[in-house]
Structure formats: C-alpha cells, structure tokens
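Residue numbering for the sequence shown follows my numbering, starting at 316 and increasing by one per position.
Just so you know, not all the hints are guaranteed correct.
[Claimed, not checked] Computed spacing ranges between beta-carbons, pair by pair:
1) K488 to V361: 34 to 40 Å
2) K454 to V356: 23 to 29 Å
3) T482 to K385: 19 to 25 Å
4) S427 to V361: 16 to 22 Å
5) V361 to I491: 41 to 47 Å
6) D490 to T430: 18 to 24 Å
7) E471 to Q403: 27 to 33 Å
8) Q474 to R378: 31 to 37 Å
9) H486 to K348: 19 to 25 Å
10) K454 to I491: 19 to 25 Å
11) G393 to L492: 19 to 25 Å
12) G393 to S370: 14 to 20 Å
13) D468 to S394: 34 to 40 Å
The set of hints was computed from the structure by calculation and includes no laboratory data.
Glycine included, each C-beta is placed from N, C-alpha and C at the ideal position.
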Amino acid sequence: MYGQRNPLKVPEYDGHTELLNQTLGLVQLDSEKDLLACALVARSWVHPSQARIFSTIQVPPGRSSLDRFKRLLETLEGSQHHVGLISQLTIIHHGEARRLRFLQRMVNMRFSRLTTLRIRGNKSFSLAPEAEVIGSLLKSPSLVSVSLEYRLDRLEHFQAMWEGCSTGIKHLKLDILT
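All chains, please: the whole structure from these sequences, using the hints.
Here it is in structure tokens:
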C-alpha cells in the first residue's frame, strides 16, 4: 500500500511547471541561442523548449532560407520525435527546384500532430509540380485546417491532390491565383 497513489487525492500545486511555461513564453521562437540556453538550464527544460519551437514551422521563400530549410530537414530526419511536435506547417514556395526536392523529402515524414497546413505560391508558378507533394501532406490524419494559395493550370492536378485526403479536414481556404 505504501507505493500506491490514491487516485482521489488532489496533487499539490506544482509551481515549477507554471514557472517553466511562463519563462518559455518569453523565449524568442526563432532564436537558436535562446533554445540552447533553455536546454542548458535543466534537463526538464529540453522537451518543453523543443515542443514550443517545433510546434509551428514556417518555410519561407528565397535562396537565403534554403540552407535553413535544409538544416531543418536534417534535424527532422535525424530526430523523428521532432516531427511529432509539429502542429502547424506553413510553406511558401515560388517554384525553386531545390526547394521542391526538400519538400519531397518532407513527404516521407509522419506528421502525427499536424493540424494546420498552409501552402502559398504565386502567380508565376503553377501547382502542377507540387501537386503530388501537397497531396501527400493532405493525407495526414490529424489535419483539420488547410489553406492553399496557388495558380492552377489544370484541374486534374487539383483533383489528384485531394484523392485520399484526411477526412478530418473541417476548414478549407482556397485562393486560386490567375
């Protein structure tokens, strides 16, 4: 009986958890320096820090962000548990071939908590090359909200993208650029 807990006993107030959450709320999400500092404070800070930083991932356009995107992919491929922390994914893609290859690598990851997916293109680039990649991301079973902003040349690419999509999608925003 000594080792058993009483399920009716209300646990004592845990001020440590509240302090940790308030402190992490002040951390800059895009600051690698802050993340490293949090991880060094105590072992108990590592998971909350990672959960906060990996919950929302944004992949911006441009050559300067490609190296950052590559490092992100290497981190996710090397530590699959980080993929499970991602709940919001925003991809802004303007037709760079190298970025498309990175997106194709991303498809092989299992996004178990992905609830929000935003993909934006521009008028200069068609949805066609990315349709297969986007279609794979739309199959995430936890997906609830999708926002697509793209140029559409052929309806069959758009239709193929939605085959087998998650049945949990409740919010859909489509902006077809012309």
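Checked hints:
1. Between K488 and V361 the CB atoms are about 35 Å apart, so this pair conforms to the stated range of 34 to 40 Å.
2. Under the hint 23 to 29 Å, the C-beta atoms of K454 and V356, about 38 Å apart, miss the expected range.
3. For T482 and K385, the hinted distance range of 19 to 25 Å is not satisfied, since their beta carbons lie about 33 Å from each other.
4. A C-beta distance of roughly 20 Å is found between S427 and V361, which places it inside the suggested range of 16 to 22 Å.
5. Distance hint for V361 and I491: a CB-CB separation of about 43 Å, consistent with the stated range 41 to 47 Å.
6. Range check, D490 to T430: Cβ separation about 20 Å, and the 18 to 24 Å hint holds.
7. In this structure the supplied range 27 to 33 Å holds for E471 paired with Q403, their Cβ-Cβ distance being about 29 Å.
8. Q474 and R378 have their C-beta atoms about 33 Å apart, which keeps the hinted 31 to 37 Å range intact.
9. Range check, H486 to K348: about 35 Å between beta-carbon atoms, so the 19 to 25 Å window is missed.
10. The beta-carbon spacing between K454 and I491, approximately 22 Å, falls within the hinted interval of 19 to 25 Å.
11. A beta carbon spacing of about 36 Å between G393 and L492 contradicts the range 19 to 25 Å that was offered as a hint.
12. The supplied range of 14 to 20 Å is met by G393 and S370, whose beta-carbon atoms lie about 19 Å from each other.
13. For the pair D468 and S394, the beta carbons lie near 38 Å from each other, so the given range of 34 to 40 Å is met.
In this structure, the earlier hints numbered 2, 3, 9 and 11 are contradicted, and the remaining ones agree with it.
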